[in-house]
Amino acid sequence: MAQIDKLKEIATQIRRDIIKMVSMAGSGHPGGSLSSTDFLTTLFFSEMNHDPKTWTRSGRGSDMFFLSAGHLSPVYYSVLSRSGYFPTDELKSFRVLGSRLQGHPSVERGLPGVHVASGSLGQGLSVACGAALSKKADKESNFVFALIGDGESEEGQIWEAALFAAQYKLDNLIVATDWNGQQIDGPVSSVLCLGDLKSKWESFGWECIIVDGHSIEEIQSTIRDLKKTPGNGKPKMILLKTEMGMGVDFMTGTHEWHGKAPNAQQTESALSQLTETLGDF
Amino acid sequence: MKITDKYINTGNKDTRSGFGAGLLEAGRANSNVVALCADLTGSLKMDAFAKEFPDRFFQCGIAEANMTGCGAGLAISGKVPYIGSFAGFATGRVYDQIRQTIAYSHTNVKICASHAGITLGEDGATHQIMEDIGLMRMLPNMVVINPCDYNQTKAATIAIADYSGPVYLRFGRPSVPNFTPENQSFEIGKALTLQEGVDVTVLATGHMVWESILACQKLAEEGISVELINIHTIKPFDKKAVLESVAKTRAVVTAEEHLIAGGLGELVSGVLSREMPTPVEIVAVDDLFGQSGKPSELMEEYGLTSNEVYEAVKRVLKRK
Numbered sequence: 001m002a003q004i005d006k007l008k009e010i011a012t013q014i015r016r017d018i019i020k021m022v023s024m025a026g027s028g029h030p031g032g033s034l035s036s037t038d039f040l041t042t043l044f045f046s047e048m049n050h051d052p053k054t055w056t057r058s059g060r061g062s063d064m065f066f067l068s069a070g071h072l073s074p075v076y077y078s079v080l081s082r083s084g085y086f087p088t089d090e091l092k093s094f095r096v097l098g099s100r101l102q103g104h105p106s107v108e109r110g111l112p113g114v115h116v117a118s119g120s121l122g123q124g125l126s127v128a129c130g131a132a133l134s135k136k137a138d139k140e141s142n143f144v145f146a147l148i149g150d151g152e153s154e155e156g157q158i159w160e161a162a163l164f165a166a167q168y169k170l171d172n173l174i175v176a177t178d179w180n181g182q183q184i185d186g187p188v189s190s191v192l193c194l195g196d197l198k199s200k201w202e203s204f205g206w207e208c209i210i211v212d213g214h215s216i217e218e219i220q221s222t223i224r225d226l227k228k229t230p231g232n233g234k235p236k237m238i239l240l241k242t243e244m245g246m247g248v249d250f251m252t253g254t255h256e257w258h259g260k261a262p263n264a265q266q267t268e269s270a271l272s273q274l275t276e277t278l279g280d281f
Numbered sequence: 001m002k003i004t005d006k007y008i009n010t011g012n013k014d015t016r017s018g019f020g021a022g023l024l025e026a027g028r029a030n031s032n033v034v035a036l037c038a039d040l041t042g043s044l045k046m047d048a049f050a051k052e053f054p055d056r057f058f059q060c061g062i063a064e065a066n067m068t069g070c071g072a073g074l075a076i077s078g079k080v081p082y083i084g085s086f087a088g089f090a091t092g093r094v095y096d097q098i099r100q101t102i103a104y105s106h107t108n109v110k111i112c113a114s115h116a117g118i119t120l121g122e123d124g125a126t127h128q129i130m131e132d133i134g135l136m137r138m139l140p141n142m143v144v145i146n147p148c149d150y151n152q153t154k155a156a157t158i159a160i161a162d163y164s165g166p167v168y169l170r171f172g173r174p175s176v177p178n179f180t181p182e183n184q185s186f187e188i189g190k191a192l193t194l195q196e197g198v199d200v201t202v203l204a205t206g207h208m209v210w211e212s213i214l215a216c217q218k219l220a221e222e223g224i225s226v227e228l229i230n231i232h233t234i235k236p237f238d239k240k241a242v243l244e245s246v247a248k249t250r251a252v253v254t255a256e257e258h259l260i261a262g263g264l265g266e267l268v269s270g271v272l273s274r275e276m277p278t279p280v281e282i283v284a285v286d287d288l289f290g291q292s293g294k295p296s297e298l299m300e301e302y303g304l305t306s307n308e309v310y311e312a313v314k315r316v317l318k319r320k
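Protein sequence lines, in the order shown, are assigned to chains A and B.
The first sequence begins at 1 in this note's numbering and counts up one residue at a time.
The second sequence begins at 1 in this note's numbering and counts up one residue at a time.
Misleading hints may appear alongside valid ones.
[Claimed, not checked] Examples of chain B residues lying across from chain A (beta carbon under 8 Å, computed):
| hint | residue |
| --- | --- |
| 1 | A65 |
| 2 | N66 |
| 3 | C70 |
| 4 | H106 |
If you're looking for bench data, these hints aren't it; they were derived computationally from the structure.
All C-beta atoms, glycine included, are put in the ideal place defined by N, C-alpha and C.
Please model the entire structure based on the sequences and the hints provided.
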């Protein structure tokens with residue numbers, strides 16, 4: 001239980017980081033960052049086999065993570081920094097001219113932890129497929145993880161990749177969907193309804209599990225279970241039932257905060273709801 | 001010596017077969033070379049590679065966007081992926097994928113595009129692309145190569161495996177004269193002077209190199225001395241070689257199987273207007289889609305023949 005409590009503390013600090021980064025930059029995407037915080041915290045601080053000190057872009061000899069939904073850069077940068085990829089002080093440079101922390105992830109300035117640029121949606125899953133294919137070809141036992149959005153799943157390329165991963169039996173590929181039900185223009189169900197997402201992934205040949213995306217315990221046990229079945233020939237999809245804006249009351253459950261920065265007063269209110277656990281940047 | 005005695009057609013061959021032969025050789029030389037194709041394995045002559053290296057060939061189906069991203073993922077992991085499709089589908093269809101995961105992400109992916117230009121013939125304009133050089137050369141970090149015959153395409157295919165970074169390699173479907181040396185070395189970005197001359201510089205790329213050789217011969221018979229340069233690499237552009245030649249001739253003709261927009265002619269015009277203002281005549285297609293027809297008929301119809309190069313030289317000489 002101690003470990004779960006520790007992960008919860010980290011997640012709270014990461015939520016503070018997200019609010020601070022977006023507020024300081026005056027722009028960015030807090031909504032989806034907050035909804036995917038618990039998953040990424042669990043992955044980077046507990047379940048992924050990685051070592052920031054020996055990280056290479058090729059990902060040889062370790063698990064790899066691909067953020068397909070590149071607008072979730074605030075949570076991504078915070079998680080990378082808090083797990084040791086670069087100094088937390090650098091989070092201040094989010095979206096600033098000359099920064100390694102571009103609005104959407106980039107490899108141009110060599111930010112450790114980032115394998116590929118993302119932001120134009122639907123593409124990162126294909127890149128993750130290529131990496132998983134390479135690991136299988138090299139008989140490497142490590143896993144490739146990826147995070148996609150539910151709105152992002154409207155992109156046709158996601159489903160091209162879904163077919164491909166099943167065709168090549170990429171059972172070393174574990175993907176999560178941040179299923180918060182919101183996108184820029186409104187609820188996903190009214191913008192372009194995805195229907196029965198679980199049945200869709202299963203019919204594409206994937207092993208698919210729905211979990212509470214804010215339960216670190218449930219995320220942790222699910223990833224552990226999925227890592228036990230690499231030989232079943234099926235790529236894995238974790239559908240994370242989440243709330244956009246989770247952790248900040250006025251941001252929760254609405255698409256309004258998909259890509260909007262809080263003003264000074266809103267920032268103060270948001271931070272008052274999130275305990276500083278690891279020290280602010 | 002006549003230029004047509006120096007460059008002898010050893011028999012018509014398609015440049016896509018040069019790609020297929022080069023891919024096989026690159027695969028034999030480097031076990032990290034892998035190949036991906038979007039349901040056009042036979043058309044791209046990738047079957048020999050697929051047969052010899054079944055574990056390194058990945059059929060991607062009719063899903064070019066995913067193939068492009070997969071290529072990036074394989075490249076990140078240390079492989080040297082050659083991804084193959086028709087030029088239209090390999091570029092325009094997946095421009096954003098190339099932009100984000102290959103060019104911007106500096107991934108070592110070789111985009112191999114067959115059936116480029118108008119000479120794919122009867123399939124018509126949906127499958128002909130004459131914008132691809134422009135699309136690809138606009139991308140930062142992208143190398144753009146457009147070889148002229150079978151032997152040069154084979155050499156380029158082998159050479160790009162040793163270059164670390166994104167490459168666009170363009171080749172075609174029709175059988176055309178094969179006249180450059182067998183087993184030549186290929187240096188990316190190094191323009192090749194096929195004939196020295198003093199009156200005019202002809203800069204040709206791809207299938208138009210042979211047409212330009214024929215034009216040079218006819219012009220030589222009239223006492224016009226042409227410096228003919230094969231621009232097999234559009235980007236990085238060999239500015240030094242071109243400026244040295246133009247300083248001597250002060251007149252330029254470009255020739256390419258591509259639209260004027262975004263092509264070699266515009267590239268050369270831009271460089272010269274900034275560095276050495278010079279009259280330029282462009283042999284290329286002006287703002288049109290193609291249509292069905294035999295490759296030779298289409299080259300004629302769209303003004304991509306030795307005669308057009310000849311006429312362009314005559315025009316530019318009057319502007320000197």
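Cross-check of the supplied hints:
1. For A65 of chain B, the suggested interface contact is upheld, since its CB lies about 4 Å from the closest CB of chain A, less than 8 Å.
2. For N66 of chain B, the interface hint holds, the least distance from its beta-carbon to any beta-carbon of chain A being 4 Å, beneath 8 Å.
3. A hinted interface residue such as C70 of chain B counts as satisfied when its beta carbon comes closer than 8 Å to some beta carbon of chain A; here the least separation is about 4 Å, so the hint holds.
4. Given hint, H106 of chain B at the interface with chain A, holds; its Cβ is 6 Å from that chain's nearest Cβ, closer than 8 Å.
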